[in-house]
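Visitor: Put chains U and F on the given structure of chain C with help from the hints.
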Amino acid sequence: MKTTAWMLAGAAALALGTAAQADTVRIGIAAEPYPPFTSPDAAGNWQGWEIDIINAICEAAELDCEIVPTSWDGIIPALLGQQIDAIMNSMSITEDRMQVIDFSDPYYNTPTVIVAPKDIDITPTPGGLAGRVLGVQVATIHQTYAQEYFEGDTTLRIYQTQDEANQDLYAGRIDATQADSLAMEAFLESAEGQCCEIKGAVEHDERILGAGVGAGIRKEDTELKEAINRGLAQILEDGTYDAISEQYFTVSIYGN
Amino acid sequence: MIDALIEALGLGRTVELLALSPPGWGGNLLRGLVASIQIALGAFAMGLVIGLFGAWGKLYGGPVTRDLLAVYTTVVRAVPELVLILILYYAGTDLLNRALMAVGYGRVELSGVVAGIGVLGIVQGAYATEVLRGAIQAVPAGQVEAGRAFGMPALMLMRRIVLPAMLPFAIPGLANLWLIATKDTALLAVVGFAELTLETRQAAAATRHYFTFFLAAGALYLTVTLISARLFGRLERWARRGEPDVAGAR
Amino acid sequence: MMRAGRPAMRFRPPPLGEFLRPHRVVMLLILLGIVAWCALNLRWHWLPRYSDLALQGLWRTIWLLALSCFLGFLLAVPLGLAQAVGPRVLAVPARAFCTVIRGTPLLLQLWLIYFGLGSLFPQYPWIRESELWPYLREAWPYALLALTISFAGYEGEVMRGAFKSVPRGQLEAARAMGMPRLTLFRRVWLPQAVQRALPTLGGETVLQLKGTPLVATITVVDIYAVTARVRQDTFIIYEPLLLLTVVYLMIAGLIVLFFRWLEGRIPQRLG
Numbered sequence: 043m044k045t046t047a048w049m050l051a052g053a054a055a056l057a058l059g060t061a062a063q064a065d066t067v068r069i070g071i072a073a074e075p076y077p078p079f080t081s082p083d084a085a086g087n088w089q090g091w092e093i094d095i096i097n098a099i100c101e102a103a104e105l106d107c108e109i110v111p112t113s114w115d116g117i118i119p120a121l122l123g124q125q126i127d128a129i130m131n132s133m134s135i136t137e138d139r140m141q142v143i144d145f146s147d148p149y150y151n152t153p154t155v156i157v158a159p160k161d162i163d164i165t166p167t168p169g170g171l172a173g174r175v176l177g178v179q180v181a182t183i184h185q186t187y188a189q190e191y192f193e194g195d196t197t198l199r200i201y202q203t204q205d206e207a208n209q210d211l212y213a214g215r216i217d218a219t220q221a222d223s224l225a226m227e228a229f230l231e232s233a234e235g236q237c238c239e240i241k242g243a244v245e246h247d248e249r250i251l252g253a254g255v256g257a258g259i260r261k262e263d264t265e266l267k268e269a270i271n272r273g274l275a276q277i278l279e280d281g282t283y284d285a286i287s288e289q290y291f292t293v294s295i296y297g298n
Numbered sequence: 176m177i178d179a180l181i182e183a184l185g186l187g188r189t190v191e192l193l194a195l196s197p198p199g200w201g202g203n204l205l206r207g208l209v210a211s212i213q214i215a216l217g218a219f220a221m222g223l224v225i226g227l228f229g230a231w232g233k234l235y236g237g238p239v240t241r242d243l244l245a246v247y248t249t250v251v252r253a254v255p256e257l258v259l260i261l262i263l264y265y266a267g268t269d270l271l272n273r274a275l276m277a278v279g280y281g282r283v284e285l286s287g288v289v290a291g292i293g294v295l296g297i298v299q300g301a302y303a304t305e306v307l308r309g310a311i312q313a314v315p316a317g318q319v320e321a322g323r324a325f326g327m328p329a330l331m332l333m334r335r336i337v338l339p340a341m342l343p344f345a346i347p348g349l350a351n352l353w354l355i356a357t358k359d360t361a362l363l364a365v366v367g368f369a370e371l372t373l374e375t376r377q378a379a380a381a382t383r384h385y386f387t388f389f390l391a392a393g394a395l396y397l398t399v400t401l402i403s404a405r406l407f408g409r410l411e412r413w414a415r416r417g418e419p420d421v422a423g424a425r
Numbered sequence: 173m174m175r176a177g178r179p180a181m182r183f184r185p186p187p188l189g190e191f192l193r194p195h196r197v198v199m200l201l202i203l204l205g206i207v208a209w210c211a212l213n214l215r216w217h218w219l220p221r222y223s224d225l226a227l228q229g230l231w232r233t234i235w236l237l238a239l240s241c242f243l244g245f246l247l248a249v250p251l252g253l254a255q256a257v258g259p260r261v262l263a264v265p266a267r268a269f270c271t272v273i274r275g276t277p278l279l280l281q282l283w284l285i286y287f288g289l290g291s292l293f294p295q296y297p298w299i300r301e302s303e304l305w306p307y308l309r310e311a312w313p314y315a316l317l318a319l320t321i322s323f324a325g326y327e328g329e330v331m332r333g334a335f336k337s338v339p340r341g342q343l344e345a346a347r348a349m350g351m352p353r354l355t356l357f358r359r360v361w362l363p364q365a366v367q368r369a370l371p372t373l374g375g376e377t378v379l380q381l382k383g384t385p386l387v388a389t390i391t392v393v394d395i396y397a398v399t400a401r402v403r404q405d406t407f408i409i410y411e412p413l414l415l416l417t418v419v420y421l422m423i424a425g426l427i428v429l430f431f432r433w434l435e436g437r438i439p440q441r442l443g
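Protein chains in written order, with this note's numbering: chain C, 43 to 298; chain U, 176 to 425; chain F, 173 to 443.
Same shape as in the complex, but just chain C (with noise of 0.2 Å):
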């Protein structure tokens, strides 16, 4: 029995030795890749245009930060539980999300559009999509903005990650997936995205779409909410958030 004696020691002594700091704030993002905005390289390090608008917002508020991956799907419930501290990764101010988590202000603002193969006529429209396959990604605005305008004539599957939806519109099991248009930049530019086009961005409905992309955090957490806000107005006075920006972007993504 002296084996599970080691191995209980060794349990304890994990449980012990991961348990993090408590001052720490703990940044939430999907373990699933969202280029460009996070994706891991080959390394597994984290990387993209969020993960060094978080270490300057970081930088910029003196906060001692520490990325943690989990899983979109699960994200708002990690927060409520106390596993993450804050979500920074493109989540959009609603209102549905509003009822139940706080917001920081809004750090980007981009349109909705629905991406199809080039041979395909689609319009981003009920009428436009009825009788086709939409791909969405789970916990989305666009799977609440589908399910919302779309679905009933036609037929919505939910995806973990957008990546898979769009390997599915490569492989031609959709007709056409909803996203954020500058997700979608980086699939159009890939060899596989070569198929496919954007058909047009959906009509704006401020209520599901939301305005903006802010940092979630807990209703109580205030004192991090003003932190984040002072640190974000920071580097956007001096010029960080454009210098990051710049290197993944071709276009302003700020917003109005």
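You can take every hint at face value.
Covered by chain U, per the in silico footprint, the following chain C stretches (three or more residues, Cβ under 8 Å):
#, segment
1, 83 to 97
2, 108 to 116
3, 204 to 214
To be clear, the hints were calculated from the coordinates, so they are not data collected in a lab.
Just so it is clear, CB atoms sit at the ideal spot from N, CA and C, and this is done for glycine as well.
Guide: Just chains U and F now, kept in the frame of chain C:
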């Protein structure tokens, strides 16, 4: 020689993708494998401890203990691990912290590894309870009675007589549990824990070589399974040392 | 080498009179109290809105389970037979198949089949022209395939043992009577092997049930996916999961009852 063979089979791209250092993703897969094994080991150990107490409770506990344990083993064995993981992962941390606060301790922060071990450990515990209960029952009653007759306290009885005597009966079942533990770690991918399956999914999505990476991960899991099977086989022979060779008996 | 099947599980509750002992009555009352508390204090207002979707999801879970177990069992018979008595050419691949299936996680198999195969489609344009394409576009055929293969892998191992455990004397007797080989298999060998495998079949089916929610990750809308959707739409986390737990418990209970009934119908006369 090997290079030529790889070239001839058209595997150049695969080798490149699976290289251990970036830009190959092999290192990520191995890191994931280590995380998987770490969690499987922890969960297996935790399951053994729960199972030991559970089996003891089911055999010698009072009627209430026995019924509660029956509820535990039945629920865990009938409800999908994925659902249990979601419940325990999200609600478990919350409840644990509330309980700690209630008794006056500060809150703890559980890392993904610890939460994963905890969740899978509880699942493993239910199966281990059944395996160990069966094994303890298979120990001849006379041996336990002899121990009691010598006035051995319960704990010593367990350590000196019941545990060593039941080991040969328990090992095949425990070996299965270990294999289940290694495979169940894959479910943690769904809650976003970076074990082998999630690392594979990330690598596959980033490179769009789904086939290559899923096959590679399959090979890694299979290697772990086959090696463990060997080790457990050896362990069983060791536990059975000194036993008369009863042909046909199982 | 050690055989690694999953642990068999069987429930054998005592008769009712024996069941309702005083402490059990108290425990049942506590359980009722908890259920009542949950019903009154937790949020269930979403239920009517999603009941249709939930029923469709439940139906999908059940037929995926039933069909994959049935097809998987049909596959398991030749797999078991090949391993038990087949020539090496058949026995080795059959054994390799079972080892690989049982040595890798179902989630990985599912993703390999769905995304792996999917990534090959664009290279072969004729696939899109074929008559199977409407089915290949859907997600459920892949789910069914993965679940069937998985069940066949585990049950193939069980059938191997079952075929081997049929007493040789019976087979020799049948052969001595001049029974053709196919009749012998159909009348004597297979029924006895199935009878021996039956007690584990219930447990294996429950284990298969526990594998079904994984199909939600490849966009099949089963009962688990419906709960996930409720969580996304309403941000209510625990209540749908709680209900889901009860649903799976009930399905598992029904499976166990069904197999007990099946076992009861088959006369127990083992040689």
